[in-house]
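Participant: Below, each chain spelled out in residue letters.
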Amino acid sequence: MIATFWDENYELMPRQNLEKIQLNRLKKVLTRAYYNLPYYRQKIDQAGIDINDVQSLNDLRHLPFTTKQDLRNVYPFGAIAEPLKNIVRIHSSSGSTGRATVVGYTRNDIEIWSQLLARTLAGCGVTEQDTIQIAFGYGLFTGGLGVHYGAEKLGATVVPMSSGNTLRQIQILKDFQITVLCCTPSYALYLSEAAKENQIDWSQTAFRLGIFGAEPWSEEMRVEIEKKLPIQAFDIYGLSEVIGPGVAFECEFHQGLHISEDCFIPEIIDIQSGKPLPPGKSGELVFTTLTKEGTPLIRYRTGDISSLNYEECQCGRTIVRMERVTSRTDDMLIIRGVNVYPSQIESIILSFDGIEPYYQILISKENFLDKIEVEVEVSSEMFSDEIKVLETLRKNIEEKIKAELNLACSIKLIKPKSIIRSESKAKRVIDLRKKEGSL
Amino acid sequence: MKQISVFLENKPGSLHAVLAKLKEWSVNLRALSLADTADFGVLRFIVEKPEQLVERLRKENFTATLTEILVVGVEDRPGGLAHIVEILTSHDISIEYLYAFVSPQGQKAYVVMRVEDVQAASEILREAKASLLDEITI
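Residue numbers (the numbering used here), protein chains in the order written: chain A, 1 to 439; chain B, 1 to 138.
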C-alpha cells in the first residue's frame, strides 16, 4: 500500500478524539456565526434557540439550516463574518442557477484551505515529484486557485493553465511531461477527443493521474475516461460556499470520498422533512464548517445527494466517507410522476458497448403529457450498415430504461459531435416544459 | 466489393450535407440507395476507392462505414433477377437488402446485394456462372 497521508494526525484520528475536537470547534463557530452574521442570528432567534444549549454534536440537529437562497439574499457581503480588512480573498459561485453567492477567506482560511488541498492531492497519490496541470478555471471560481495553493503546499510543480484553449493544453501536457491533470470530468473527455484528433501518442507522455471534480459524474464515466486516457481517475469534492475543492477526496481504493471531518461536519438529511438520516441512507448532504472565519456556515444544504459510511477504509483513514455525488436535489426530473436523475439515465446508456459518453436529455410536453427523448451519438465504430442492428440497439436501450427506471422514453440516434462539447460543466438536460408553462 | 454506408439523422439537410461534400471532392456515385426508418436513415453508395473516401467522411464527422457487398450482373430480360435470387435461396442464403443500377451503356443491369456470408455467396454464384463485379471503373 502506498502510504500517502498528508496529515496523519487528523486523517487517522480515533473517532472519540475527533469528536472532542469537532465539538470544541462547533461551539466556537456557532458563537462566531451568531454574533457576526445577522442573517443567521435572526434564524437562531426565530427558532427560539440559545446557542449555549448546544453541548454535544447531537445537538447540531436542532439548529436551523442555511440555504443557498439565504446566501443570495445577503449578497454581496452579508455572509462574511469579518471586517473586509481581515479578508484576504473573495470567491464567488458562478451564479449559473441564480444570483451569485460570495465567500470571503481570512489569511488563516487560506492556510487551512491549502492544507486541505495538499491532503486531497496526497490522498489521490500526487507527490512532490509530480507536475500538475491545473485546467480548472482561475478567477472567482474556487477550483483553479484552490487546487493551485494546495499543489504548491504539497511541493508539486504547478502549471496554472486555467480552463479552455484545448490544443495548448494538449501541447503543454506533452511538452512539459505533465503527470497529473486537474479539471472537470467532462473536460477530460473533451480533451481526450481533441488529443485523438491530433494523433497524440500517450506512450510518449508521462500522464498518469486525473483529478476530477466540480460536477457530478458516474462510475461508468470513470471507466470511459480511464479507457480514453492513460490514467487513473480520482473524484474530489467541494463547493465554493463550504470552501471550494478540498472538502472530500478519493483514496486509491475508490470506495467513496474521505471528508476532512476536522474541518467539516457532514450530515445526510431527508430532502422533504429535513430530518437527519442514519449512515448508509441516501439524502441531501449538509455541511457545518468548523474552522472557517471568513464565511462560516451552519448546516448548509448543498443540494448534493450522497450517503455516509463511518467504517474504517482499507487505506486506514478513520474519517467518514461520502458516497460519490452523481446527482443533485435540483436536477431531479419528474417525468409523468416518475422521479429520475440524469445520472441514472447516463449509467444505462454507457452500459451499452460502442455508445459515446455524450448524450442529451430533452423533455417536452406533447398533448399535455411529459415526453422524454434521449439523444445518443452513434460512433463510426459501432455504426452498422444494417438498419435492424441499429433499431435493436435503440430498442434495447429504451427497454433497459423502461425496466430499470420505469420510464418510457425514446432514444434518438444522432451523428457524432452533434452534442456541444463542454469545456467546463456539461449541460445534459434541456427541459422545454418550463418555458411553455410560463407563457 | 465494398460499399460505403453513412448514418443520416432524420432532419432536413442531413442528406444534402453528405452529397455536398461528395460534390466538393468531385466524387462520382456509381450506385446509391437510401433506406429510412421513422428516426434515422442509412445512405449506401458505391464509388471508386471507397477506403479513402470513408476516411475523409469520418474526418468530417460523418458516421460512415465500409460494408462488403456483392455486385452481380443481371441479364436485362424478364426473370433475370429472379434467376439470381433463386440460386441463393436454394442454398439457404438470405438477402439483407438489395438495390440495382444500370451500366452507363445501358446493356446490363447490376444488383448490389448484402448477404451475411459474402464469401460463400460469391462462390455459389461463380459456380452458377453468374457474372460478379470485382471493381467499378468509370
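Incorrect hints may have been included.
Below, a list of computed lysine-lysine pairs in the DSS-like style, where the Cα atoms sit at most 30 Å apart [claimed, not checked]:
1) B:Lys11 x A:Lys412
2) A:Lys227 x B:Lys23
3) A:Lys196 x B:Lys21
4) A:Lys227 x A:Lys68
5) B:Lys129 x A:Lys412
6) B:Lys59 x B:Lys49
7) B:Lys59 x A:Lys412
Using C-beta positions, here's what the derived DEER-type ranges look like [unchecked claim]:
8) A:Thr392 x B:Glu48: 29 to 35 Å
9) A:Met332 x B:Gln119: 34 to 40 Å
10) B:Ala82 x A:Lys395: 49 to 55 Å
11) A:Ser364 x B:Asp36: 22 to 28 Å
12) B:Asn28 x A:Ala100: 26 to 32 Å
13) A:Gly274 x B:Ala35: 55 to 61 Å
14) A:Asp201 x B:Glu123: 40 to 46 Å
15) A:Gln171 x B:Ser94: 48 to 54 Å
16) B:Leu19 x A:Gly280: 56 to 62 Å
17) B:Glu86 x A:Glu399: 20 to 26 Å
18) A:Glu399 x B:Gln119: 47 to 53 Å
To give an idea of the interface, some chain A residues facing chain B are shown, with a C-beta separation under 7 Å as derived from the structure [unchecked claim]:
19) Lys227
20) Ser380
21) Phe383
22) Asp385
23) Glu386
24) Ile387
25) Leu413
26) Ile414
27) Pro416
28) Lys417
29) Ile420
Worth flagging that the hints you see were computed from the coordinates, not collected in a lab. No residue lacks a Cβ here, since even glycine has one placed at the ideal position from N, Cα and C.
Participant: Next step is simple, just say for each hint if it's right about the structure.
Facilitator: Evaluated hints:
1. B:Lys11 x A:Lys412: holds (12 Å)
2. A:Lys227 x B:Lys23: violated (37 Å)
3. A:Lys196 x B:Lys21: holds (23 Å)
4. A:Lys227 x A:Lys68: violated (37 Å)
5. B:Lys129 x A:Lys412: Given that 30 Å is the threshold and the Cα spacing comes to 45 Å, the pair is violated.
6. B:Lys59 x B:Lys49: Holds: Lys59 of chain B and Lys49 of chain B sit about 16 Å apart, inside 30 Å.
7. B:Lys59 x A:Lys412: At roughly 23 Å apart (the allowed maximum being 30 Å), Lys412 of chain A and Lys59 of chain B satisfy the hint.
8. A:Thr392 x B:Glu48: 29 to 35 Å: Holds: the Cβ-Cβ distance is about 33 Å, inside 29 to 35 Å.
9. A:Met332 x B:Gln119: 34 to 40 Å: Between Met332 of chain A and Gln119 of chain B, where Cβ atoms are some 53 Å apart, the hint is violated.
10. B:Ala82 x A:Lys395: 49 to 55 Å: Cβ of Ala82 of chain B to Cβ of Lys395 of chain A: about 34 Å, so the range 49 to 55 Å is violated.
11. A:Ser364 x B:Asp36: 22 to 28 Å: holds (23 Å)
12. B:Asn28 x A:Ala100: 26 to 32 Å: violated (58 Å)
13. A:Gly274 x B:Ala35: 55 to 61 Å: Holds: the Cβ-Cβ distance is about 56 Å, inside 55 to 61 Å.
14. A:Asp201 x B:Glu123: 40 to 46 Å: With Cβ atoms ~42 Å apart, the hint holds.
15. A:Gln171 x B:Ser94: 48 to 54 Å: At 53 Å between Cβs, range holds.
16. B:Leu19 x A:Gly280: 56 to 62 Å: Because 58 Å falls inside the window, the suggested range holds.
17. B:Glu86 x A:Glu399: 20 to 26 Å: violated (38 Å)
18. A:Glu399 x B:Gln119: 47 to 53 Å: violated (34 Å)
19. Lys227: Since chain B brings no Cβ nearer than about 20 Å to Lys227 of chain A, farther than 7 Å, the hint is violated.
20. Ser380: Holds - the Cβ of Ser380 of chain A comes within 7 Å of chain B, reaching about 5 Å at its closest.
21. Phe383: It holds, given that the least Cβ distance between Phe383 of chain A and chain B is near 5 Å, below 7 Å.
22. Asp385: Status holds, d = 4 Å.
23. Glu386: Hint holds; Glu386 of chain A Cβ to chain B Cβ min 6 Å, cut 7 Å.
24. Ile387: holds (6 Å)
25. Leu413: Hint holds; Leu413 of chain A Cβ to chain B Cβ min 5 Å, cut 7 Å.
26. Ile414: holds (5 Å)
27. Pro416: holds (6 Å)
28. Lys417: holds (5 Å)
29. Ile420: violated (13 Å)
The structure shown violates the earlier hints numbered 2, 4, 5, 9, 10, 12, 17, 18, 19, 29.
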